[in-house]
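> One letter stands for each residue in the lines below.
There are 2 protein chains.
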Amino acid sequence: MCGTCGCGQPEKPQQRIIELEKDLLDENNHYAHENRQYFQEHNILAINFVSSPGAGKTTLLVKTIEALKNHFSIAVIEGDQQTDLDAQQIAATGAKVKQINTGKSCHLDAHQIGHAIKDLVLEKNSILFIENVGNLICPAMFDLGETQRVALLSVTEGDNKPLKYPDMFHSADLMIINKTDLLPHVDFNIVECSDYAKRINPSIQLMTISATKSDGMDDWLGWLSRAR
Amino acid sequence: MCGTCGCGQPEKPQQRIIELEKDLLDENNHYAHENRQYFQEHNILAINFVSSPGAGKTTLLVKTIEALKNHFSIAVIEGDQQTDLDAQQIAATGAKVKQINTGKSCHLDAHQIGHAIKDLVLEKNSILFIENVGNLICPAMFDLGETQRVALLSVTEGDNKPLKYPDMFHSADLMIINKTDLLPHVDFNIVECSDYAKRINPSIQLMTISATKSDGMDDWLGWLSRAR
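Chains as they are written, first to last, in our numbering: chain A, 1 to 228; chain Y, 1 to 228.
Since the hints were made in silico from the structure, they are not lab data.
These figures come from a predicted structure and were not determined experimentally.
Do not take every clue at face value.
The list makes no distinction among identical chains, and a pair is therefore deemed to hold if it is satisfied within one copy or across any two copies.
[As the list claims (entries may be wrong)] Pairs of lysine to aspartate or glutamate, EDC-like flavour, derived with a Cα cap of 20 Å:
#1 Lys63 to Asp187
#2 Lys104 to Glu21
#3 Lys213 to Asp195
#4 Lys124 to Asp195
#5 Lys63 to Asp119
#6 Lys22 to Glu34
#7 Lys69 to Glu34
#8 Lys118 to Glu27
#9 Lys63 to Glu21
#10 Lys69 to Asp167
#11 Lys124 to Glu21
#12 Lys96 to Asp219
#13 Lys118 to Asp173
#14 Lys69 to Glu123
If we strip away everything but chain A, and leave its shape as in the complex, we get:
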């Protein structure tokens, strides 16, 4: 009978879920370790971009590639449930891109990344951007072996998101507050949002940008330069 709540209904397969999750995460961590070793050996900066759907990951990536493509070899892994719409935008910049469609799955995993980096044939001293599936929950649990995890939050989503989705902001190295050009039209307090993020993750770094208007890009490109 139901062991979760004592309601007398048939038991949920909780124990099986917990065991399978542990196996999945253990396996994922094994692949993530391999990816991380590969990135270190080849001096590759690998950035895992995470956010809600539509927070501006692709727009920021396109602007970033345009700014850096004459200085660095850049490759991109695009994670989406369906379509290659984002990969088409990236390909138009001239960067190498590999699309991963996750189907029913809600996140990228380290095994998929291991295959993608072989397909992409990354150069030494290059930059790899991984655009994860738009989802503030599930991708938090899956280490991809990335050098840095960057969480984008759009000002249209509300300033309390770090409290409501704590795992994601706890696991991120940097939170970028994006779409600051829309601040005059929405109810969003940057100071409060930053305080919430620091409450969840005292070591998180913070930045504000408007990717569409190219505001704050110098801060972002400077951060990337230091991360290398």
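Put chain Y on the given structure of chain A with help from the hints.
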């Protein structure tokens, strides 16, 4: 060895995942059937609200409750990974509210809803709003026994989301395009977005609103009235 891709790495526990997912969904469908029967027997309109984080579900709910609370008994189930911030907003309207924190989990399930409706002691001929976890992927798979599923999409998220997250829009009865007050400031084509949604789900109904500005509320309240 890896049966997914033939890469020679240890096999992923794919078969176990598929079996467990089937068990979980079968079990969920059993509880969903019970909930649906309960709603039908008591003539309760149960609406399952789904969207990305920050698309405006709570704001729309507060406005809807304010408009209807003198005419109907209204209860709300709030699904969030963490915090009861949304439930506090709902409670301030005077509506009955039950918070469910899902922790590591990325969606509400029908078993949780079954417990919550017992705790709420719903009245006959009442309306139950279920605000699901902000996530465009996982909640699509879990029938809660609802009368209608309503997907909110904010114009700040981009008009291609029905193509990128097809399961959610395929499973919805109504897509509400929200935050139309921000249309002058973002790149979003309502006609194209509607075409994409119809391509995924030819029977989906469509509506545009601005919950914060109360634009389109008559259409929405009319739809709710017909749904009863």
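> Against this structure, judge whether each hint is valid.
Results for each hint:
1. Lys63 to Asp187: For lysine 63 and aspartate 187, only the inter-copy Cα distance (16 Å) is at most 20 Å; the intra-copy one is 26 Å.
2. Lys104 to Glu21: The answer is both: 17 Å in one copy and 11 Å across copies each meet 20 Å.
3. Lys213 to Asp195: neither (25 Å within a copy, 28 Å between copies)
4. Lys124 to Asp195: neither (38 Å within a copy, 44 Å between copies)
5. Lys63 to Asp119: neither (24 Å within a copy, 51 Å between copies)
6. Lys22 to Glu34: For lysine 22 and glutamate 34, the Cα distance is within 20 Å only inside one copy (19 Å; across copies 31 Å).
7. Lys69 to Glu34: neither (27 Å within a copy, 57 Å between copies)
8. Lys118 to Glu27: Within one copy, since 19 Å is at most 20 Å while 40 Å is not.
9. Lys63 to Glu21: neither (37 Å within a copy, 40 Å between copies)
10. Lys69 to Asp167: This pair counts as neither: shortest intra-copy Cα distance 33 Å, inter-copy 36 Å.
11. Lys124 to Glu21: Neither: 34 Å inside a copy, 41 Å across copies.
12. Lys96 to Asp219: neither (25 Å within a copy, 46 Å between copies)
13. Lys118 to Asp173: For lysine 118 and aspartate 173, neither the intra-copy (26 Å) nor the inter-copy (42 Å) Cα distance is at most 20 Å.
14. Lys69 to Glu123: within (13 Å within a copy, 62 Å between copies)
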